[in-house]
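Counting from 1, position 105 in the sequence shown corresponds to residue 233 in the numbering used here; the numbering is continuous, with no gaps.
Treat the hints loosely; a few may be bogus.
[As the list claims (entries may be wrong)] Derived Cβ-Cβ restraints for the label pairs, each shown as a range:
id	residue 1	residue 2	range
1	N172	A205	35 to 45 Å
2	L179	R251	34 to 44 Å
3	Q208	D176	25 to 35 Å
4	R241	Q204	29 to 39 Å
5	L179	D202	15 to 25 Å
6	D201	D176	37 to 47 Å
7	D202	D227	15 to 25 Å
8	R251	K178	27 to 37 Å
[Claimed, not checked] Okay, derived cross-link-like pairs now, PhoX-like style, lysine-lysine, Cα gap no bigger than 25 Å in a straight line:
id	residue 1	residue 2
9	K169	K157
10	K194	K222
11	K169	K194
12	K245	K178
13	K222	K157
14	K178	K163
15	K222	K245
16	K212	K194
17	K245	K169
No wet-lab data here; the hints were simulated from the structure.
Beta carbons: idealized from backbone N, C-alpha and C, even for Gly.
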Amino acid sequence: MRHLLIAIAIMGFVGVANAQRPGRVNPAKRVQMEKDSVLAKITNLSDDQKLIIESLYSDYESSLSKLTAGGRDDPQAFRQNIQKAAEEKNQMMKEVLDDEQWTIFNQMLEDERERRKQRRNDRGGRNRNRPDDGGKDH
Numbered sequence: 129m130r131h132l133l134i135a136i137a138i139m140g141f142v143g144v145a146n147a148q149r150p151g152r153v154n155p156a157k158r159v160q161m162e163k164d165s166v167l168a169k170i171t172n173l174s175d176d177q178k179l180i181i182e183s184l185y186s187d188y189e190s191s192l193s194k195l196t197a198g199g200r201d202d203p204q205a206f207r208q209n210i211q212k213a214a215e216e217k218n219q220m221m222k223e224v225l226d227d228e229q230w231t232i233f234n235q236m237l238e239d240e241r242e243r244r245k246q247r248r249n250d251r252g253g254r255n256r257n258r259p260d261d262g263g264k265d266h
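Build the full structure now, drawing on both the sequences and the hints.
Set out below in structure tokens:
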């Protein structure tokens with residue numbers, strides 16, 4: 129538990145300067161929505177788990193805000209940094225949650241991935257089926 133708290137504290141200091149695209153959802157709002165969803169869907173959290181999750185999401189929000197605050201000169205590096213922050217948050221969540229809670233959390237992540245994929249397809253984004261490539265997803 130002590131290592132987890134140290135890891136959460138370290139995550140709060142992580143930051144690479146990159147920018148948010150105009151029109152994107154504010155990182156604080158996105159993190160708040162995810163945290164609210166976690167707390168609503170995983171109903172058997174202990175008080176200690178809730179406190180750790182609150183802290184973890186606060187640090188995650190701080191990390192995303194730092195990542196989106198600067199320039200976005202290298203979109204690939206920006207995306208990798210965002211993914212790394214999310215993976216770190218998810219790994220810490222795995223340490224906080226029991227197996228049943230982790231299954232619920234993991235399903236929430238998968239559902240969100242599917243919603244994002246569908247939104248990209250609806251907008252004609254990079255995962256749309258293209259007639260010139262046999263209709264394969266990208």
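Cross-check of the supplied hints:
| no. | hint | in the structure |
| --- | --- | --- |
| 1 | N172 x A205: 35 to 45 Å | holds, 39 Å |
| 2 | L179 x R251: 34 to 44 Å | holds, 38 Å |
| 3 | Q208 x D176: 25 to 35 Å | holds, 33 Å |
| 4 | R241 x Q204: 29 to 39 Å | violated, 19 Å |
| 5 | L179 x D202: 15 to 25 Å | violated, 36 Å |
| 6 | D201 x D176: 37 to 47 Å | holds, 41 Å |
| 7 | D202 x D227: 15 to 25 Å | violated, 38 Å |
| 8 | R251 x K178: 27 to 37 Å | holds, 36 Å |
| 9 | K169 x K157 | holds, 18 Å |
| 10 | K194 x K222 | holds, 24 Å |
| 11 | K169 x K194 | violated, 28 Å |
| 12 | K245 x K178 | violated, 30 Å |
| 13 | K222 x K157 | holds, 23 Å |
| 14 | K178 x K163 | holds, 10 Å |
| 15 | K222 x K245 | holds, 24 Å |
| 16 | K212 x K194 | holds, 13 Å |
| 17 | K245 x K169 | holds, 22 Å |
The earlier numbered hints that this structure contradicts are 4, 5, 7, 11, 12.
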